[in-house]
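Residues 0 to 81 (numbering that gives the first Met the number 0) make up the sequence shown, in order.
Errors might be hidden in some of the hints.
As the list claims (entries may be wrong) - Quick list of simulated restraints, FRET-style, between CB atoms: (1) V23 - A48: 33 to 41 Å; (2) A58 - A22: 49 to 57 Å; (3) D42 - T21: 29 to 37 Å; (4) T16 - R64: 48 to 56 Å; (5) A55 - A22: 44 to 52 Å.
It is worth saying that the hints were derived from the structure and are not from the lab. It should be emphasised that the depicted structure is a prediction, and the values quoted were computed from it without experimental measurement. Glycine residues also receive a C-beta, built at the ideal position from the N, C-alpha and C atoms.
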Amino acid sequence: MDAQQLPGWEMPVHGCTVADWTAVLTDASRTRAAAQQDFTAADARWRTAIRENVLAGVAVQDVARIVRVTPQRIYQIRDRRR
0 MDAQQLPGWE
10 MPVHGCTVAD
20 WTAVLTDASR
30 TRAAAQQDFT
40 AADARWRTAI
50 RENVLAGVAV
60 QDVARIVRVT
70 PQRIYQIRDR
80 RR
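Using the sequences and the hints given, assemble the complete structure.
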């Protein structure tokens with residue numbers, strides 16, 4: 000194990016100089032933005048699937064159990080309240 004690596008940390012650790020921090024920050028920001036875009040798209044698909052299931056007549060309690068949220072949350076998503 001690399002001396003710089005924390006116990007239990009599984010990602011590779013790369014040494015960098017102070018001059019590299021701007022590149023590290025830029026790369027991390029790009030990666031974060033891409034992940035946020037992916038999450039936003041996945042969340043929209045998830046909400047649409049929930050809404051469509053409820054509108055198609057699937058019981059709210061069944062949808063809630065499947066997606067592991069409360070029935071109240073299903074009603075919020077169905078009604079586009081949050």
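To see whether the hints hold, each was checked on the structure:
no., hint, in the structure
1, V23 - A48: 33 to 41 Å, "holds, 37 Å"
2, A58 - A22: 49 to 57 Å, "holds, 52 Å"
3, D42 - T21: 29 to 37 Å, "holds, 31 Å"
4, T16 - R64: 48 to 56 Å, "holds, 52 Å"
5, A55 - A22: 44 to 52 Å, "holds, 49 Å"
Figure legend: structure checked against the earlier numbered hints; every hint is met.
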